[in-house]
Amino acid sequence: MATAAVLERETYLNASYGLKSWLLTKDHKRIAILYFITISIFFAIGGTFAGLIRLELLTPQADLVSSETYNKLFTMHGVIMVFFFLIPSIPATLGNFFLPIMIGARDLAFPRINLLSWYLLILGGVLAIYAMVAGGVDTGWTFYTPYSTSYANTYVIATALGIFVAGFSSILTGLNFVVTVHRMRAPGMTWFRMPLFVWAHYATSLIQILGTPVLAVTLVLILCERTLHIGIFDPALGGDPILFQHMFWFYSHPAVYIMVLPGMGVISEIVSTYSRKPVYGYAFVAFSSLAIAVVGFLVWGHHLYVSGQSLYAGLVFSFLSYFVAIPSAVKVFNWTATLYKGSISYDTPMLYAFGFIGLFTVGGLTGLFVASLGLDVHVTDTYFVIAHFHYVMVGGTIMAYLGGVHYWWPKMTGRMYPEHFARLSAVVVFIGFNLTFFPQFILGYQGMPRRYHVYPPEYQVLHVLSTAGATVLAVGYIMPLIYLIWSLKYGPVAGKNPWGATGLEWSIPSPPPTHNFDRIPVVMHEAYDYSAVPREVEVG
Amino acid sequence: MDSQIQQSHVHPSDLHQGEAHHLETLALREQFDTEAQQKDASTLGMWVFLITEVMFFGGMFLGYTLYRSNYADTWALASRSLNLPIGATNTCVLLFSSFTMAMAVRAGQLGKKKAVILFLILTMLFGLAFLGIKGYEWTQKFEEHHVPALANFHLEGTQLQGQAKLFFSFYFAMTGLHALHMVVGVGIVLFIIFQTMRNKYSPKYYTPIDIAGLYWHFVDVVWIFLFPLFYLIDRHP
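Protein chains in written order, with numbering that gives the first Met the number 0: chain U, 0 to 539; chain D, 0 to 236.
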């Protein structure tokens, strides 16, 4: 009975029971779990579309799906993955769970708005899934006009409405984070004592706040044009399709940073913990997040090099696109410098972090290729671009997401996962990823256009490699799903700080109590001060 | 035993919630430590929300600017067809509503319940008057065949009906979006009136009145931009 009493310590998981207590919760930790379940489902749906795309591309002919269906597959893969998985991925789950704890707060500033934002994502998702079940949408996730407003006869309206609603979910999350960081920090938690994860999320939130409303209004105009036939973007009615591209990419380029900045925050935490050293050049890494957020708003025109944008505008956008590589490189160099003379352990999150650093570097450097005015003419709308942004989105964001999930899993669930399987999954994901996407660089450079499902037979070898890689990647993603769920019941009980990490989240029990802190902590140390944290061996 | 002890560690905010009915200083929510912190957070939250609104309207202002410069002549012609006295009247109505809103916030700060209710009702009436006048103006557009989505659209004095249509598309989209915000604003004011009548606010806690005021002023300011852009530019060639 004595042990039972210990186990029955009140946590956010057992504070109340029943579906209702979850669906009406205002606890940021429970809302994070709701998001986890939701985006995992969206990831599975988007992944299924990706699998079908890769299967179709196994042969040069169209033998699995028709052209129309193929158009719908890549559109819905993009829509689901971008708007319903990648954008909420890290902020809404790990950010929601840990941002308040890391700054010593009992909850976000607006818990009810936090719950509302989850319901908005659900509502948006339901609309998008309705559109898919009803017949799909085939405009590409970019909704380029006038095709989307005047010619497409698929479910553009329902999909656009779904994205519009999900956008407000993203805005409200960003708003909540900004106010929380400004107003809810514990005594002593100065701006420059915040973990870099918080800085990354702060910068992300700024983009969500400033960018997402522009996407929202663009979608409103698309809806008006499609339903009322007013010609804001349709040249046949006096409008300008390039205006649409400007407005769309004004959001959708910064959206790339919404997706990858939180991942960078995760990597900063992991690299520090498993090197047992403070992140090298803390302030530089913190400010590089803000720099990426700010400069990221000024580069959208690099999506319009071949759309008839003026050459002079192109020159400026090209320069700024190169410029945004600087803060990104600052991060990569500083993580690497953190490793120097560190006491490195190759635990699962660290393996994912290494994967991130390598793959993000490839994704970032090929970004310079496509940011150059001349080379972009050759590779634009080819698989080179596809490979580039999948290296950033999948090789970057998803690696960081999985790394973060493993890193904080003991804190969120109170259980350890099986380390050997987990390390294996990190390796399988890395190999599968590279096998999937590296051939696409070559394909694209050789001229394989994106969004085609019939191609010359010369390209088949590389396509087969890519499809084989996708299979390995799928195995790598299914593995954590299985052993993480297994660990919920059978995993060894985790201590409060199994990694010997710094940060307030490791000073409270695993899983945390509903109000996080029995007493609001007073922060006396800089971030990543390992002298303040004795290495505890509580595992097992 | 353990959990009982933990539960007896009542956070100070719980006391406030328990005594809220007696003290009439409602709702220090549990995530906050002090009332000042809560007010700061709510106010900052509203400002951040207004920034998102600026960006939201900003997309339409961008489109407006582009076509205004591309199709300057047709748009000037179309703009002259708008009813200036009505637009000017509506501007005054909104300015008055902002004044009464500011008075309501001040009264809330001083704890004058009746004055709060009076000024909020005035604000709401001005808001409804604005919407009524706007609705009248829109029906006029239908009679003048100036509705872009309809087949009978026609603007006299130009061959370039497509460009004229675009003007009215933006006119309806932007004033429509603004009117939608007014409707939401009227709803918010109504809610605040009810809450005031139920003694939810006091000089210690009048944050909702304050941030409702912020929202109201913002919607007012949007109109202050819309009015000259649509009604005044190039009025007299």
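A portion of the hints provided could be inaccurate.
As the list claims (entries may be wrong) - So, partial list: chain D residues that the calculated Cβ filter (under 8 Å) puts toward chain U:
#, residue
1, Glu-29
2, Gln-30
3, Phe-48
4, Gly-62
5, Gly-110
6, Ala-148
7, Val-182
8, Phe-229
Rather than coming from a laboratory, the hints here were simulated on the basis of the structure.
Values in this document were obtained by computation on a predicted structure and should not be read as measured data.
Backbone N, C-alpha and C define an ideal beta-carbon position, used for all residues, glycine too.
Kindly indicate which numbered hints from before are broken by the structure, ordering the numbers from low to high.
5, 7, 8
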